[in-house]
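What follows is each chain in one-letter form.
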Amino acid sequence: AQTVTQSQPEMSVQEAETVTLSCTYDTSESDYYLFWYKQPPSRQMILVIRQEAYKQQNATENRFSVNFQKAAKSFSLKISDSQLGDAAMYFCAYRSARNRDDKIIFGKGTRLHILP
Amino acid sequence: DTGVSQDPRHKITKRGQNVTFRCDPISEHNRLYWYRQTLGQGPEFLTYFQNEAQLEKSRLLSDRFSAERPKGSFSTLEIQRTEQGDSAMYLCASSLVPGGSTDTQYFGPGTRLTVL
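Residue numbers (our numbering), protein chains in the order written: chain D, 8 to 123; chain L, 32 to 147.
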């Protein structure tokens with residue numbers, strides 16, 4: 008069974024600084040997707056960034072980028088120029104690429120605090 | 032707002048009562064998912080539909096839980112004889128499959144259930 012581990016329950020970063028959230032996963036599959044989702048307090052979960060396992064190039068979305076290390080089964084999220092609106096729970100997540108195995112497996116999350 | 036809506040947003044009930052939640056997905060999305068999120072944890076998969084067909088159910092979905100998507104549009108999740116352990120946030124998500132990058136799952140705001 009696939010698992011996703013986030014070893015940092017909470018992190019803090021100064022506004023405008025850079026922070027990296029860690030994630031490791033375990034799978035025997037070769038084709039899959041990895042995600043970072045953001046869940047602000049009392050608001051709905053939104054997708055931050057997505058990575059296809061077959062792509063070697065790391066995904067980037069504006070101030071958000073990932074470091075995908077397939078052999079090490081590591082998938083970290085870097086947030087540059089942190090803003091107050093980045094404060095939220097961040098979930099690392101895995102989904103198989105098999106069409107009918109469509110469930111997302113989430114880690115326990117990392118709560119990110121932005122210090123003004 | 033992702034375009035996925037859920038109703039009600041909050042539900043307080045007494046142990047032993049039945050409750051029903053509704054999810055309206057993004058209109059063109061053919062897949063609809065239910066997840067449960069307890070305090071301090073990541074969401075856990077419950078079940079998903081492709082159009083009106085229920086394709087997978089988690090072992091978390093006990094006999095007291097039933098989900099339907101009768102016309103392939105909105106879905107309902109019913110919990111019979113609620114227990115205190117059912118207290119959680121129930122999240123709905125939808126996606127379009129196959130859809131390339133659009134097969135991302137978009138989440139609703141959730142229904143928070145409290146069982147007294």
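In case anyone wonders, no lab produced these hints; they're calculated from the structure. No residue lacks a Cβ here, since even glycine has one placed at the ideal position from N, Cα and C. Errors might be hidden in some of the hints.
As the list claims (entries may be wrong) - Label pairs and their computed distance ranges (CB to CB):
(1) D:T67 / L:K45: 46 to 54 angstroms
(2) L:G103 / D:E36: 25 to 33 angstroms
(3) L:S104 / D:Q9: 43 to 51 angstroms
(4) D:E17 / L:R112: 35 to 43 angstroms
(5) D:D108 / L:D94: 19 to 27 angstroms
As the list claims (entries may be wrong) - In silico EDC-like links for lysine to aspartate or glutamate, alpha-carbon gap of 20 angstroms or less:
(6) D:K115 / L:E109
(7) D:K110 / D:E36
(8) D:K110 / L:E114
(9) D:K110 / L:E99
(10) D:K85 / D:E59
(11) D:K62 / L:E99
(12) D:K110 / L:D134
(13) D:K115 / L:D117
(14) L:K88 / D:D109
(15) D:K77 / D:D93
(16) L:K42 / L:D117
(17) D:K110 / L:D55
(18) L:K42 / L:E59
(19) L:K42 / L:E114
(20) D:K110 / L:E87
(21) D:K115 / D:E17
(22) L:K42 / L:D55
(23) L:K88 / D:E59
(24) D:K110 / D:E68
(25) D:K62 / D:D33
(26) L:K102 / L:D32
(27) D:K77 / L:D32
(28) D:K85 / D:E24
Q) Has the given pair, D:K85 with D:E24, been kept, meaning a C-alpha gap of at most 20 angstroms? A) holds, 11 angstroms
Q. Given the hint that L:K88 pairs with D:D109, does the C-alpha gap stay at or below 20 angstroms?
A. The hint holds at about 11 angstroms.
Q.
Please verify whether L:K42 and L:D117 have alpha carbons no more than 20 angstroms apart.
A. Holds - the C-alpha atoms of L:D117 and L:K42 are around 12 angstroms apart, at most 20 angstroms.
Q: Measure nothing beyond the straight line between the CA atoms of D:K115 and L:E109; if it is 20 angstroms or shorter, mark the hint as holding.
A: Since the Cα atoms of D:K115 and L:E109 sit roughly 26 angstroms apart, the hinted pair is violated (cutoff 20 angstroms).
Q. CA of L:K102 to CA of L:D32, is that 20 angstroms or under?
A. Outside the cut-off at roughly 24 angstroms; violated.
**Q.** Range hint 19 to 27 angstroms (beta carbons of D:D108 and L:D94) holds or violated
**A.** holds, 24 angstroms
Q.
L:K42 and L:E59 were given as a pair; does the straight-line alpha-carbon distance stay at or below 20 angstroms?
A. violated, 28 angstroms
Q.
Please verify whether D:K110 and L:E114 have alpha carbons no more than 20 angstroms apart.
A. violated, 25 angstroms
(Q) Hinted pair, alpha-carbon criterion (20 angstroms max): L:K88, D:E59. Please report holds or violated. (A) violated, 25 angstroms
Q: Please work out if D:K115 and D:E17 have their alpha carbons no farther apart than 20 angstroms.
A: holds, 11 angstroms
Q: Please work out if D:K62 and L:E99 have their alpha carbons no farther apart than 20 angstroms.
A: violated, 36 angstroms
(Q) What's the verdict on D:K62 and D:D33, does the C-alpha distance respect the 20 angstroms limit or exceed it? (A) Cα-Cα ~18 angstroms, so holds.
When held up to the earlier numbered hints, the structure conflicts with 3, 6, 8, 11, 15, 18, 23, 24, 26 and 27 and fits the remainder.
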